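Asks: Next come the chains, spelled out residue by residue.
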Amino acid sequence: MFISCDEAQHICDKAQYNEASSWEKFKLRLRYFWCRITKKYVNQNIKLTQAIDASKVTCLNTEEKQFLEQNLQQELKKQQE
Amino acid sequence: MPKHLINPNTWIDKYSDYLFNFTISRVNDREKAKDLVQDTFFAGLKSMKNFKGEASERTWLISILKRKIIDHYRKINSIKGQAEIRVEFNSDEDDDGSWLEKRVADPDYKTAEDNLVNDELGEAIYMCLSKLPKKQATVFRMKTIEGLETETICNDLNITPSNLWVIVHRARIAMAECMEKNWFK
Chain A
0 MFISCDEAQH ICDKAQYNEA SSWEKFKLRL RYFWCRITKK YVNQNIKLTQ AIDASKVTCL
60 NTEEKQFLEQ NLQQELKKQQ E
Chain B
0 MPKHLINPNT WIDKYSDYLF NFTISRVNDR EKAKDLVQDT FFAGLKSMKN FKGEASERTW
60 LISILKRKII DHYRKINSIK GQAEIRVEFN SDEDDDGSWL EKRVADPDYK TAEDNLVNDE
120 LGEAIYMCLS KLPKKQATVF RMKTIEGLET ETICNDLNIT PSNLWVIVHR ARIAMAECME
180 KNWFK
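So the sequences go chain by chain: A and B.
Every letter in the first sequence is one number past the one before it in numbering that gives the first Met the number 0, and letter 23, counting from 1, is 22.
Every letter in the second sequence is one number past the one before it in numbering that gives the first Met the number 0, and letter 57, counting from 1, is 56.
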């Protein structure tokens, strides 16, 4: 039932991606009440998640990046010829 | 001596996500956004000789991209921003056939202020992301921005779930600190 600070932070990270179980969240909450370090980490982590969600940032996936990289390298070669 | 140097070999890693995010919020079309980012890199290569190093590479690339986006809208005759006109037949009216034109709100409509805040926040996030070590940035991007499953990332990058969570943890600490300095303060 009582978890370490490191374990609490790990559960908190998983919770940001909805991957923490209810039991893990319960243990995290318990520690959150009395541990200053856990409280600080949880608040900071939630703030980061909220900022990213609010920004609606998007990105290229790995294949799209590889495709761009290949094309750029080909173009670069052409320039150097 | 120029203040900033140019290195096209690092463009994809450093700027592709930032440029893509900037573009997609303006063109709302993933394929078009990718094309515009690629055109920007190609144009950058062609005009590399003109880079004086007074602005950063990123500022220089974004100025090229902005011109590309303007050209794109010129080409399609600026369809974006016009209200959608839906024509409906109104059978309740006595008139024999009253076709109504309804102005429908654009679901993607955002105010200039919303766009500005989102752009600035997105810029802060990508700036912080660019400061992370490459592996941390990749894992964080895949997990947090792309929203991929842990298993998928582990298979793609050939890492264990425990490795992934250690990397995510370190990345989140660095991101939170960077955002604290550059956005939340």
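Everything labelled a hint here was simulated from the structure, so no lab data went into it.
Among the hints, erroneous ones may be present.
With a straight-line cut-off of 20 Å between C-alpha atoms, the simulated EDC-like cross-links for lysine to aspartate or glutamate are [said to hold, decoys possible]:
| # | chain 1 | residue 1 | chain 2 | residue 2 |
| --- | --- | --- | --- | --- |
| 1 | A | Lys-64 | B | Glu-148 |
| 2 | A | Lys-64 | B | Glu-176 |
| 3 | A | Lys-38 | B | Glu-53 |
| 4 | A | Lys-64 | B | Asp-28 |
| 5 | A | Lys-76 | B | Asp-38 |
| 6 | B | Lys-134 | A | Glu-63 |
| 7 | B | Lys-67 | B | Asp-34 |
| 8 | A | Lys-64 | B | Asp-34 |
| 9 | B | Lys-13 | A | Glu-62 |
| 10 | B | Lys-67 | A | Asp-52 |
| 11 | A | Lys-64 | B | Glu-179 |
| 12 | B | Lys-180 | A | Asp-52 |
| 13 | A | Lys-38 | B | Glu-176 |
| 14 | B | Lys-13 | A | Glu-74 |
| 15 | B | Lys-13 | A | Glu-68 |
Rough simulated footprint, nothing fancy, chain B against chain A, three-plus residues with beta-carbon under 8 Å [as the list claims (entries may be wrong)]:
| # | region |
| --- | --- |
| 16 | 20 to 32 |
| 17 | 35 to 47 |
| 18 | 54 to 62 |
On a predicted model such as this, the values are computed, not experimentally measured, just so you know.
Here a beta-carbon is modelled for each residue, glycine too, at the ideal position from N, C-alpha and C.
Asks: State for each hint whether it applies.
Replies: A quick look at each hint next to the structure:
1. Lys-64(A) with Glu-148(B): 19 Å, holds
2. Lys-64(A) with Glu-176(B): Violated: Lys-64(A) and Glu-176(B) sit about 27 Å apart, past 20 Å.
3. Lys-38(A) with Glu-53(B): 44 Å, violated
4. Lys-64(A) with Asp-28(B): Given that 20 Å is the threshold and the Cα spacing comes to 17 Å, the pair holds.
5. Lys-76(A) with Asp-38(B): 16 Å, holds
6. Lys-134(B) with Glu-63(A): 18 Å, holds
7. Lys-67(B) with Asp-34(B): Holds, at about 10 Å.
8. Lys-64(A) with Asp-34(B): 12 Å, holds
9. Lys-13(B) with Glu-62(A): At roughly 16 Å apart (the allowed maximum being 20 Å), Glu-62(A) and Lys-13(B) satisfy the hint.
10. Lys-67(B) with Asp-52(A): Between Lys-67(B) and Asp-52(A) the Cα gap is close to 28 Å, so the pair fails against 20 Å, i.e. violated.
11. Lys-64(A) with Glu-179(B): 29 Å, violated
12. Lys-180(B) with Asp-52(A): Since the Cα atoms of Lys-180(B) and Asp-52(A) sit roughly 19 Å apart, the hinted pair holds (cutoff 20 Å).
13. Lys-38(A) with Glu-176(B): Holds, at roughly 16 Å.
14. Lys-13(B) with Glu-74(A): OK: Lys-13(B) and Glu-74(A) at ~18 Å, within 20 Å.
15. Lys-13(B) with Glu-68(A): Given that 20 Å is the threshold and the Cα spacing comes to 12 Å, the pair holds.
16. 20 to 32: violated (count 0)
17. 35 to 47: holds (count 4)
18. 54 to 62: holds (count 8)
The structure is inconsistent with the numbered hints 2, 3, 10, 11, 16, although it conforms to all the rest.
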